[in-house]
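Model the full structure from these sequences, guided by the hints.
Using our numbering, read the sequence shown as starting at 10 and increasing by one per residue.
Hints listed in this document are in silico derivations from the structure and should not be mistaken for laboratory results. Among the hints, erroneous ones may be present.
[Unchecked claim] Cross-link-like lysine-lysine pairs, in silico, DSBU-like; alpha carbons within 30 Å at most:
| id | residue 1 | residue 2 |
| --- | --- | --- |
| 1 | 131 | 99 |
| 2 | 60 | 76 |
| 3 | 27 | 135 |
| 4 | 27 | 60 |
| 5 | 99 | 60 |
| 6 | 93 | 76 |
| 7 | 76 | 135 |
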Amino acid sequence: MRSQGFDEVYHLEGGILKYLETVPEEQSLWDGECFVFDERVSVVHGLDQGKYELCRACRFPLSAQDKQSPHFEQGVSCPHCHDKHTDEQKARYRERQRQTELAQQRHERHIGAQLEAQKAAKAAAKEKARQAALAGQKGK
Numbered sequence: 010m011r012s013q014g015f016d017e018v019y020h021l022e023g024g025i026l027k028y029l030e031t032v033p034e035e036q037s038l039w040d041g042e043c044f045v046f047d048e049r050v051s052v053v054h055g056l057d058q059g060k061y062e063l064c065r066a067c068r069f070p071l072s073a074q075d076k077q078s079p080h081f082e083q084g085v086s087c088p089h090c091h092d093k094h095t096d097e098q099k100a101r102y103r104e105r106q107r108q109t110e111l112a113q114q115r116h117e118r119h120i121g122a123q124l125e126a127q128k129a130a131k132a133a134a135k136e137k138a139r140q141a142a143l144a145g146q147k148g149k
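Written out as structure tokens, the structure reads:
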């Protein structure tokens with residue numbers, strides 16, 4: 010940002026999540042929700058879960074407004090991806106959604122949820138490594 014002409018650039022000790030966790034909302038300068046790479050999708054002050062959820066087809070964070078779209082189908086498509094998947098893919102997504110709902114009715118965790126958690130953990134580790142690399146470059 011300094012190379013772009015911004016003089017007042019600061020690093021949050023502990024990052025945004027630590028800020029949201031420790032700074033009381035009434036004293037905070039943060040506005041909105043923070044995207045996270047896990048099933049919470051987004052967090053707000055106190056690290057409470059935000060209002061967004063993931064589209065299971067494209068993994069785009071969805072707002073309540075997105076879910077009101079005629080292009081939204083739970084587990085299958087959203088306004089961002091409704092025209093990007095084949096009928097065959099959508100059929101697979103519908104079956105995955107059906108299996109997820111059946112598992113919920115049995116008060117069980119769908120086997121795919123474990124795979125989703127593993128993907129999210131990999132994404133979080135990749136982001137952490139990227140942040141560490143950036144911090145290392147900053148120290149040079």
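Results for each hint:
1. Note on residue 131 and residue 99: the hinted pairing holds, with a Cα-Cα distance of about 25 Å set against a maximum of 30 Å.
2. This hinted pair checks out: residue 60 and residue 76 have alpha carbons roughly 11 Å apart, not beyond 30 Å.
3. Restraint check for residue 27 and residue 135: the C-alpha separation of about 19 Å stays at or below 30 Å, so the hint holds.
4. Distance hint between residue 27 and residue 60 is fulfilled; the C-alpha atoms sit about 20 Å from each other, no more than 30 Å.
5. Distance restraint check for residue 99 and residue 60: the Cα-Cα separation of roughly 25 Å lies within the 30 Å cut-off, and the hinted pair is therefore satisfied.
6. As the CA atoms of residue 93 and residue 76 are separated by approximately 17 Å, the hinted pair is consistent with the 30 Å bound.
7. For the proposed pair residue 76 and residue 135, the alpha carbon gap of about 29 Å is at most 30 Å, so the pair holds.
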